[in-house]
Amino acid sequence: MAEHINNLDLFGSGGHRWVWAEPGQTVKQIQTVGADGAAAMVLANGPRPGVVAGLLKTSASGREAADTALSALERQIEALVKSGEISPWEDDHGHGGQFLRIAAYRRRGAREYGASGSDTVVLQAYECAVVEQSGNIYG
922 MAEHINNLDL FGSGGHRWVW AEPGQTVKQI QTVGADGAAA MVLANGPRPG
972 VVAGLLKTSA SGREAADTAL SALERQIEAL VKSGEISPWE DDHGHGGQFL
1022 RIAAYRRRGA REYGASGSDT VVLQAYECAV VEQSGNIYG
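Its first residue numbered 922, the sequence shown is counted upward by one per residue in this note's numbering.
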């Protein structure tokens, strides 16, 4: 399957990149009196935070229609943030899983307008914080 969150191509309209941090881990360390060194064992991986950053892009026959289309796309993303819904997902590298939550969506700067033939093009830079609840991006 292609890149998606909850089977929706929310970020595919413009250039973007997914960047993952390391998951939080619960680690148990054991050290024996009279022995050098210590042993460590990972008991659990916590959630893995990530960021999707890039440009949302829409085009339509007029500025108002293009703005409306971009606003509708942003509303879809913001609805997932508000609901806290856990969704299936796949990133731009083919990693995926079943437990992604969109934590925040932020615009970066003002909308930019251009033209492509007779259509108006609208661009919006953004940053979207995501959390892979299982801590695993290779699932």
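By construction, these hints were calculated from the structure, which means they are not laboratory data. Each hint should be verified, as a subset may be incorrect.
[Stated by the list, open to error] Across the chosen pairs, the derived CB separations fall in these ranges:
| no. | residue 1 | residue 2 | range |
| --- | --- | --- | --- |
| 1 | A1050 | V948 | 23 to 29 Å |
| 2 | G1038 | V948 | 23 to 29 Å |
| 3 | R984 | H1016 | 18 to 24 Å |
| 4 | Q1054 | R1029 | 57 to 63 Å |
| 5 | A1036 | V948 | 30 to 36 Å |
| 6 | R984 | G933 | 20 to 26 Å |
| 7 | G958 | R1028 | 49 to 55 Å |
| 8 | G955 | D930 | 55 to 61 Å |
| 9 | G1035 | L964 | 31 to 37 Å |
| 10 | R938 | G1035 | 38 to 44 Å |
| 11 | Q1054 | G933 | 21 to 27 Å |
| 12 | N927 | I951 | 40 to 46 Å |
| 13 | G945 | D1013 | 44 to 50 Å |
| 14 | E995 | L964 | 35 to 41 Å |
In this text, all values refer to a predicted model and were calculated from it rather than measured experimentally. For glycine and all other residues, C-beta sits at the position ideal for the given N, C-alpha and C.
Hints and how they fare:
no., hint, result
1, A1050 x V948: 23 to 29 Å, "25 Å, holds"
2, G1038 x V948: 23 to 29 Å, "57 Å, violated"
3, R984 x H1016: 18 to 24 Å, "37 Å, violated"
4, Q1054 x R1029: 57 to 63 Å, "26 Å, violated"
5, A1036 x V948: 30 to 36 Å, "55 Å, violated"
6, R984 x G933: 20 to 26 Å, "22 Å, holds"
7, G958 x R1028: 49 to 55 Å, "50 Å, holds"
8, G955 x D930: 55 to 61 Å, "60 Å, holds"
9, G1035 x L964: 31 to 37 Å, "52 Å, violated"
10, R938 x G1035: 38 to 44 Å, "22 Å, violated"
11, Q1054 x G933: 21 to 27 Å, "23 Å, holds"
12, N927 x I951: 40 to 46 Å, "42 Å, holds"
13, G945 x D1013: 44 to 50 Å, "23 Å, violated"
14, E995 x L964: 35 to 41 Å, "40 Å, holds"
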